[in-house]
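Based on the provided sequences and hints, a complete structural model is requested.
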Amino acid sequence: MIKRFFCLVLITTTVFILSACNREVSSDSTVEEPLVEWKLVTSWPKGFPGLGFAPEYFAEQVARLSAGKMVVKVYGAGELVPSFEVFNAVSKGTAQMGHSAAYYWEDKIPAAPFFAAVPFGMTAQEMNAWLHYGGGLALWQELYAPYGVIPMAGGNTGTQMGGWFNTAVKDVSDLKGLKMRLPGYGAEVLKRAGGIPVSLPGGELFTALETGAIDATEWVGPFNDLAFGLHNAARYYYYPAWQEPSTNMEFLINKDAFQALPDELKAIVETAARATSQNMLDEYTVKNVNALSVLLNEHDVKLKAFPEPVLMHLKTINNQLLQELSQQDPSIKKIYASYHGFLIAVREYGRVTDNADVNID
Numbered sequence: 001m002i003k004r005f006f007c008l009v010l011i012t013t014t015v016f017i018l019s020a021c022n023r024e025v026s027s028d029s030t031v032e033e034p035l036v037e038w039k040l041v042t043s044w045p046k047g048f049p050g051l052g053f054a055p056e057y058f059a060e061q062v063a064r065l066s067a068g069k070m071v072v073k074v075y076g077a078g079e080l081v082p083s084f085e086v087f088n089a090v091s092k093g094t095a096q097m098g099h100s101a102a103y104y105w106e107d108k109i110p111a112a113p114f115f116a117a118v119p120f121g122m123t124a125q126e127m128n129a130w131l132h133y134g135g136g137l138a139l140w141q142e143l144y145a146p147y148g149v150i151p152m153a154g155g156n157t158g159t160q161m162g163g164w165f166n167t168a169v170k171d172v173s174d175l176k177g178l179k180m181r182l183p184g185y186g187a188e189v190l191k192r193a194g195g196i197p198v199s200l201p202g203g204e205l206f207t208a209l210e211t212g213a214i215d216a217t218e219w220v221g222p223f224n225d226l227a228f229g230l231h232n233a234a235r236y237y238y239y240p241a242w243q244e245p246s247t248n249m250e251f252l253i254n255k256d257a258f259q260a261l262p263d264e265l266k267a268i269v270e271t272a273a274r275a276t277s278q279n280m281l282d283e284y285t286v287k288n289v290n291a292l293s294v295l296l297n298e299h300d301v302k303l304k305a306f307p308e309p310v311l312m313h314l315k316t317i318n319n320q321l322l323q324e325l326s327q328q329d330p331s332i333k334k335i336y337a338s339y340h341g342f343l344i345a346v347r348e349y350g351r352v353t354d355n356a357d358v359n360i361d
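Be aware that the sequence shown starts at 1, since it is given in this note's numbering, and climbs by one per residue.
Treat the hints with caution; some may be incorrect.
[To be verified] Heads up, simulated DSSO-like pairs for lysine-lysine below, C-alpha to C-alpha not over 30 Å straight-line:
| hint | residue 1 | residue 2 |
| --- | --- | --- |
| 1 | Lys334 | Lys92 |
| 2 | Lys302 | Lys315 |
| 3 | Lys92 | Lys255 |
| 4 | Lys287 | Lys304 |
| 5 | Lys315 | Lys266 |
| 6 | Lys302 | Lys92 |
| 7 | Lys73 | Lys46 |
| 8 | Lys170 | Lys108 |
| 9 | Lys255 | Lys287 |
Don't read these hints as lab results, they were simulated from the structure.
Right under this line is the structure:
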């Protein structure tokens, strides 16, 4: 009888403990937030230095700041969508996010290049200031709103290079018939100067330049150009980057996906994007310096400056182009007025600050 009693007590106690454990697990599971998983498509090869690192860095920051509640999986160009289909993929919801450059959507949105690069336009710091405190971001968001896409700054390469050329540019006549990979408004400027702009993703540049399919290409700057080995496909490396005094990258976010996030995760996405933007510029500043040294000292690259008359000719064409576009498109007129007004003001300030001559012994 006693033995049977203790067995009954043991069984009852075990059942009670298991029941309590089950209630505890069930209770904990109700308070855990569901994991948010996003896809991020890019226009860059997976893991490509600088451009490809930026979305990976963003994903790392989101995971860290959210304590794993939000996970962003990054897809390189061609893994989920082609390089130039990133905007459409985000707009349609194929992916919740994208990382690219706004001038790739010029055919769809003629004013978009203002948020990537404008020939003879803003430097990286000037661009960041205009976007975040000069009204540029609001104009950008307004421009993309009809497509259900929210843009955010996604990094900046800083001042780029003028590009790689297989023949020297001695005067304006050397631009006639020149086949050059060039995006955005710079492509139209080259066309009006007699050149032939070609649209190519980064992964195709080396082969096109090496085989003569194009005569010249601009990509980014020493850091990325060295990684692509462009010095093995062309003879001359030109500066300055008249076509891209800086190039702003963009994060594209599907509006419905963003609005579905809790406020905490919205703030984390915004914070991670700002951190990524500054981190990219810092990285490029250091690594461009080092890479240019390698190109000049280890690969005997011929560094050349565009002749002043060539630059002045291109600048005149660019000014005419922007004026014409402003008259044709209300969005461009509105954005150009803001962009140009800020550029004039910030350059006047820079004349007595950043660009003033300072002699330090």
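A quick look at each hint next to the structure:
1. Lys334 x Lys92: It holds: about 27 Å lies between the C-alpha atoms, which stays within 30 Å.
2. Lys302 x Lys315: holds, 25 Å
3. Lys92 x Lys255: Satisfied, since the Cα-Cα distance of roughly 10 Å is no more than 30 Å.
4. Lys287 x Lys304: holds, 20 Å
5. Lys315 x Lys266: Distance of about 41 Å is beyond 30 Å: violated.
6. Lys302 x Lys92: violated, 45 Å
7. Lys73 x Lys46: At roughly 12 Å apart (the allowed maximum being 30 Å), lysine 46 and lysine 73 satisfy the hint.
8. Lys170 x Lys108: violated, 35 Å
9. Lys255 x Lys287: violated, 34 Å
Violation of the numbered hints given earlier is confined to hints 5, 6, 8 and 9; the remaining hints are satisfied by the structure.
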